[in-house]
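2 protein chains.
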Amino acid sequence: MSGLLVIVSGPSGAGKGTVLKELFAKRADCVSSVSATTRQPRQGEVDGVNYYFLSPETFEQWVEEDRFIEWVQVFKNRYGTPKEFVVAKQNEGFNVVLEIDVQGGVKVMEKIPDCVSIFLTPPSMSNLEKRLRNRGTESEEQISLRLSEAKRELAARKYYKYTVINDTVERAVEDIISILNAENCLTHRVKQVE
Amino acid sequence: MSGLLVIVSGPSGAGKGTVLKELFAKRADCVSSVSATTRQPRQGEVDGVNYYFLSPETFEQWVEEDRFIEWVQVFKNRYGTPKEFVVAKQNEGFNVVLEIDVQGGVKVMEKIPDCVSIFLTPPSMSNLEKRLRNRGTESEEQISLRLSEAKRELAARKYYKYTVINDTVERAVEDIISILNAENCLTHRVKQVE
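Sequence lines, in order, name chains H and E.
Using my numbering, you'd call the opening residue of the first sequence number 66 and step up by one each time.
Using my numbering, you'd call the opening residue of the second sequence number 66 and step up by one each time.
Since the hints were derived computationally from the structure, they do not count as laboratory data.
It is possible that some hints are incorrect.
Heads up, the list lumps identical chains together, so a pair's fine if it works in one copy or across two of them.
To be verified - Calculated lysine to any residue pairs in the SDA-like style (CA-CA distance at most 20 Å, straight line):
(1) 223 <-> 97
(2) 148 <-> 99
(3) 226 <-> 178
(4) 195 <-> 218
Kindly generate the complete structure, drawing on both the sequences and the hints.
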């Protein structure tokens, strides 16, 4: 059976990284999508593992050849999700999980309506504020900027099929696993009995 | 949170009874729907537990008052699913599970589009034949009648949102539990974060 394409979005501080790390640890049939980028590799980053590092020319060529599910420009750099990686992994039976912002997420849903879209949300705005503060890495100004961004992003959850509340990492991961199991039981995905 | 209305259909011999018994044992938040009938109680059957035993006059009155989600006449007796029971249990937070034939199932889906429809299927026709034979209660003629009925019923699975393959009871129950969890993560069922 072919794997699923799963997109996971949610505001900064919702805990996407922690939840997905735990999902990958629990489910060997789930892999992270590898993005392509034109930015320089940082210390320790490996081509084909952290990113596919492309020259601006190659990236542009891939855009023209429609080899990205979606791509975006952030300041001077471009980032994209290469189709080939996703499709190859799905054909091997892996569920490919794409952590992406809401703008990118909506683009993917338009292009691949059969994808499984999950919005990961903190249980409350006050909880989110607490998490951002507990990181201890951001100024008051940055925290209030992130909170107003979060409000804007929370409004986009209506575009997502599922909403998973990250009250505990364990429960959020269980919910995502349930979603993957249930999606594989959707009648159109189950072969006819013979 | 209000519970789900879950309908489970599938051919005779697919193992609906065994799977649902195990589901109820595992999940205290799932209850069986109690049907109403005009037939006489059998030895040991309790009113309000096995069935609501109604007089033909009362049943007819309930039909006129639109108090059934669906009802059907089988020979001289009538059977129906009373709305009140289902709605009351859902409001208490229970998932109400309705084991029903495909004709009744389709009627419920039309009336309550938000219901969760699950088709339970044997892994193969040869497996179904084996199960029917292993019961040891039916003649060859009855078995071949049941098999041709099963083929007709399998064609109706396209009306059901989910298809669960009963290869092992444990896995089928796990799939149903995943479906219930995932349905409760559908964005329209999750309250807005505040």
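Each hint tested on the structure:
no. : hint        : in the structure
1   : 223 <-> 97  : neither (24 Å within a copy, 32 Å between copies)
2   : 148 <-> 99  : within (10 Å within a copy, 50 Å between copies)
3   : 226 <-> 178 : both (11 Å within a copy, 17 Å between copies)
4   : 195 <-> 218 : within (18 Å within a copy, 54 Å between copies)
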